[in-house]
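Participant: Going down the list, the sequences are from chains A and B.
Everything in the first sequence is counted per the working numbering, starting at 1 for the first residue and increasing by one.
Everything in the second sequence is counted per the working numbering, starting at 1 for the first residue and increasing by one.
Just so you know, these hints were derived from the structure itself, not from any lab.
Since the structure is predicted, the reported quantities are computational estimates derived from the model, not experimental observations.
Pulled a few chain A residues facing chain B out of the computed Cβ check, cut under 7 angstroms:
no.	residue
1	108
2	112
3	274
4	275
EDC-like mimics (lysine to aspartate or glutamate), calculated; alpha carbons at most 16 angstroms apart, straight line:
no.	chain 1	residue 1	chain 2	residue 2
5	A	169	A	182
6	A	92	B	333
7	B	141	B	228
8	A	266	B	164
9	B	193	B	61
10	B	240	B	228
From chain A, some residues computed to sit far from chain B (all C-beta separations above 10 angstroms):
no.	residue
11	7
12	57
13	81
14	128
Glycine residues also receive a C-beta, built at the ideal position from the N, C-alpha and C atoms.
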Amino acid sequence: MTSWSLIPQLLPSGITIGAIYALVALGFVTIIRASQIINFAQGEFVMLGGVITFFLLKGLNFPYPVAALVAIVIVMMVGFFLYVTVIYPLRKASILILLIATLGASIFLSNTSGLLFGTLPKALPPFSGERPLHIGGISIVPQSLWVLGTSFLLLFFLFFLSHRTLLGKAMEASSTDSLGADLLGISRNLMVFLAFGVSAGIGAIAGILITPIFFTSYNSGTLLGLKGFIAAVLGGWGKNSGAIIGGFVLGIVESLSIAFIPSGYKDGVAFAALLLILYLRPKGILGSPFIDSRRW
Amino acid sequence: MVDSNQKDFRKRDLFYVVPLWFLALIVPDADDLYSYRRKEFKKREIYYLGALFVLPLIWSDPHFHHLMVLAGIYAILALGLSLFLGYAGQISLGHAAFFGIGAYTTAILTTRYAFPTFVAFWASAVTAACAAYLIGKPILKLKGYFLALATLGFGEIFLVIIRESTGLTGGVIGIFGIPWFSIAGFPFDTYLKQYYLTWGVLLGLFLYSKNLVRSKMGRAFLTVAASEDAASTVGINAAKIKIGVFVIGAAFAGFAGSLFACIMSTANPEAFSLNLSILIVMMVILGGMGNLYGPIFGAILLTWLIDILGKYQTWSLPIYGVILILLLIFFPDGIGTRLGMRLIYLISYWKKKKRRDRGKL
Numbered sequence: 001m002t003s004w005s006l007i008p009q010l011l012p013s014g015i016t017i018g019a020i021y022a023l024v025a026l027g028f029v030t031i032i033r034a035s036q037i038i039n040f041a042q043g044e045f046v047m048l049g050g051v052i053t054f055f056l057l058k059g060l061n062f063p064y065p066v067a068a069l070v071a072i073v074i075v076m077m078v079g080f081f082l083y084v085t086v087i088y089p090l091r092k093a094s095i096l097i098l099l100i101a102t103l104g105a106s107i108f109l110s111n112t113s114g115l116l117f118g119t120l121p122k123a124l125p126p127f128s129g130e131r132p133l134h135i136g137g138i139s140i141v142p143q144s145l146w147v148l149g150t151s152f153l154l155l156f157f158l159f160f161l162s163h164r165t166l167l168g169k170a171m172e173a174s175s176t177d178s179l180g181a182d183l184l185g186i187s188r189n190l191m192v193f194l195a196f197g198v199s200a201g202i203g204a205i206a207g208i209l210i211t212p213i214f215f216t217s218y219n220s221g222t223l224l225g226l227k228g229f230i231a232a233v234l235g236g237w238g239k240n241s242g243a244i245i246g247g248f249v250l251g252i253v254e255s256l257s258i259a260f261i262p263s264g265y266k267d268g269v270a271f272a273a274l275l276l277i278l279y280l281r282p283k284g285i286l287g288s289p290f291i292d293s294r295r296w
Numbered sequence: 001m002v003d004s005n006q007k008d009f010r011k012r013d014l015f016y017v018v019p020l021w022f023l024a025l026i027v028p029d030a031d032d033l034y035s036y037r038r039k040e041f042k043k044r045e046i047y048y049l050g051a052l053f054v055l056p057l058i059w060s061d062p063h064f065h066h067l068m069v070l071a072g073i074y075a076i077l078a079l080g081l082s083l084f085l086g087y088a089g090q091i092s093l094g095h096a097a098f099f100g101i102g103a104y105t106t107a108i109l110t111t112r113y114a115f116p117t118f119v120a121f122w123a124s125a126v127t128a129a130c131a132a133y134l135i136g137k138p139i140l141k142l143k144g145y146f147l148a149l150a151t152l153g154f155g156e157i158f159l160v161i162i163r164e165s166t167g168l169t170g171g172v173i174g175i176f177g178i179p180w181f182s183i184a185g186f187p188f189d190t191y192l193k194q195y196y197l198t199w200g201v202l203l204g205l206f207l208y209s210k211n212l213v214r215s216k217m218g219r220a221f222l223t224v225a226a227s228e229d230a231a232s233t234v235g236i237n238a239a240k241i242k243i244g245v246f247v248i249g250a251a252f253a254g255f256a257g258s259l260f261a262c263i264m265s266t267a268n269p270e271a272f273s274l275n276l277s278i279l280i281v282m283m284v285i286l287g288g289m290g291n292l293y294g295p296i297f298g299a300i301l302l303t304w305l306i307d308i309l310g311k312y313q314t315w316s317l318p319i320y321g322v323i324l325i326l327l328l329i330f331f332p333d334g335i336g337t338r339l340g341m342r343l344i345y346l347i348s349y350w351k352k353k354k355r356r357d358r359g360k361l
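Here chain B stands alone, though its shape is the one from the complex (with noise of 0.2 angstroms):
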């Protein structure tokens, strides 16, 4: 039957990624160069890097630096969490544990055994991407709701325990002073550096994900999103295809969570509770599922709000509830697709009243 090389997903496929998610940045890929492959590298995604690149140059804010740099880290859980939840179909509460795992690897490890904090960068995602493994195995054979509930429950018992675990972890009060983010001894200590340091991991994550979702896995996500029976009927083994998604979606929260918490300097549980779960979940949504630029969109629109919304101190949070309600309603499907599809609407009626006047005449 099958042969055992060609099977859709192997453990050690996770090591590879490493050094061809740094090859990727660098060399072009060798069939993009004579296939058709090629027309899918389309201007519209140089633009959106050359302007990532521009513009904290040219709008030199430091506000905007730190909120582009929030929004950086957003993007990089949100678009973990689309893999899970636009890509798998699967829900998930309690991503922020994850990003909470990630920060708090890395702040223990600096400020307790003094570690690099490039090596402690890895490490988050190691230990968040072994924590999903174990939490995954069990409850990931859950469906809808119920996933969404254990999920949560994972969450909530993360913060429990990093709350009465002082010893390790500093109970509520958190760490602090952790250093900042440095590779080989260039720290990254500004904002406008912090910026290209998070936009630049994204960077990496994005093509790294944008390769997975072309590739057999990928298809295989979206087959088990569709119809687990069906899934498992043309030999795909949806229960490893959701606990690979889940793991990897966890390991990018760990690199988020390790940013966070050396440009933060401070991990404490407020930060990882689950208004943020909620949020992320949120990104996606209005990004829309199963697309890779929704999430990093959803994640600047929705920083950018919450920061408006502060000017209004108590009335902030009342209000945000309400958005994100009539955001739902209006936009169930995601901001890009409902907006796109009505250009594409107006594009065909402009087309067709051009060809009719030009009949006319």
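Just chain A, with the same shape it has in the complex (with noise of 0.2 angstroms):
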């Protein structure tokens, strides 16, 4: 029965992966509730966030915060440049042309950062000391409660964003009925380039977050993204509590597996868990606005 000893300890780096499994998740919905468009270049974001910040960090000697404020600002210019160079040409395209096109987004993305920054994984100094806080008998490092922290946040944020401001309901709008959208003078197009801002933003925060806990190489969005995409269903598809549910279900399930099963099944667990609930429930632990309506 030692498997079951090592849960508590385990619970915690279950919980920070799973806020930054949540806050990929957030990206994803984000880009979703204004437009029906799944960004495969989500991961990709995150990564960039992470190893931009540690160029400016490292490289050229910026201060922490100066850094990290670039490094969003960075990619989320990426997100804007994505959209108008690749999804802007292909608004009319079909679901399989979208998506091919933002995997080979992701493809140029995660390859050209490892060309310019270096194919090394990186790390970042935690943000506040290294030394881990005990809390009966279970050491967490500080980051996580930042990781915590900030993802909260963001959610508060995201959800005045969608609830509270014309802006978002016009987001909101123009996923719903994209025709009605544009006959009341809401621009489909404008959405759609804010909300990829938004999530690219959203993305580099959750890099730089990761990024002091574990190791970011230029390949390692893409796993990412798509564990965050799994978060997303698993929650209930297009809502920002579902995300934030999915990513933590997510990452607790993924963590807690390694004291039952060999650590090498890990990245298995996550799409076992995907299949799992696309066959038994596909609109997901909260349930969807989109899947029953659409009959997806």
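Build the complex from these two chains, which are given one at a time in their own frames, with help from the hints.
Facilitator: This is the structure in structure tokens:
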């Protein structure tokens, strides 16, 4: 029964990685709420956030907060650029074409960052000290608390954006019925453009938060993006709260699985969870505003 | 209502196709002789076949032969996927997994149990088809993005299993020393022989798919792609059609995987990643959906493109990504389709011009 005793120690790391998955999933959901597009390059924003901050901090000797802010702005620019060059020309194409185009963009972004910033894995220094906190026999890295705090702040930010501002309502309107939104004078293309910026910013923040704990290398983005997508499906497709819950559930399940099965199978667990949820309850834990009405 | 032997698709049809498939290579179709279907066999097809046969003899560069062998294997994969993607309109991003299943079946059977490669070749297709049946039964009820994601998830799980079960598959290192493909003691040990082997198999599978898409089942694919509701209204069992075409596509991938394992003489997990799945889908898209020549041309084109890009070393993958996006933006419905439409327009323009000029005179 040694594996059961591992669980309290595995739980904090599960919650931390879960928060990261939740942030990536929020990026997907932000774009989904503005249009029915899935951006598979979302994971690359996370990778770019970490790698560019590392470059600014170590290569150009920026102070930490400035480096982080500049990196977020650069990644948002990349997001806008991605929309203008890839998504906008393909706005009338079928699902499959968009899917492969964003995957192509993901290949381009990850390999270009490998060329520009080197292929070695990078680790940022933690925000506040490396001494783990001991709470009831469990040691927690202070960075985990930063991750949790920031993800809840971002959730509130997105909640206010989508429920309390005109911009958020316009985004939702253009997603629900693009023709109706057009008739009301809402530019669908502008909404998707802004959503790409916001989701790239969220991705960059996730990347900066994760790099002190887990190493970030040029090719780690794809898997993170896929798991974020799984989290978004798991929690409830197209819901901010669903993305958060799905992220935490996925992170905890994945890290607890280490206690019971060999750790090499860890990546398989997420996809097995995906197949199960798609088979048993395709609309996710919290239900989805899109799936029932459109019979996906 | 519907008589049991008039059902659109029977499981035992999958078994007849094997002998029929060989017969189709030798015996001409009986009603080709006195029906108008004979006209469908175009001169163009004979030219293609002749070019395929003569080209490696004229251009006897081993690198060219090797490249065309790879292109042939990818073409078999793309042909199988084009039935699923182009005809039945379903998205799969896990086709590389069936390719991998085929390759590993051949690798394990020939190196561990000393099976002849010809037996392993058929066993690979059967294993891939069985895997497709088991995995397709639950996930084919999904649509659009979710089907794409579920198949992608299957591909990733396959890779994890291959990497971790080191006892059976050799883990990350893979399996070495797979013997050459041989039929009755005749080994295919040079690139030229492998060229004829690969393109011969491709030819057989091509004739099979050509007959398939004109059969009752093939018409049902198109109906399912257009609308599943409409298909079930006219009495087509959409779930059965989808699983049937998924299994056939996987069997194609199993054949391709077996050939790949024999020709490369290794099987390691790097070769069956998500990138390969994207590449196959790209071949089908660029060749044009709903067209059997398309995926073959797409496979040749992209294999050459990747070979040319290989010269640029580290820059090859970023350039590949950019070219992928540009091709999708400018040819979203296939290079051939777009150029063909342009050609038809030009020809009609020329004809009009000719007529106008004649009128003037």
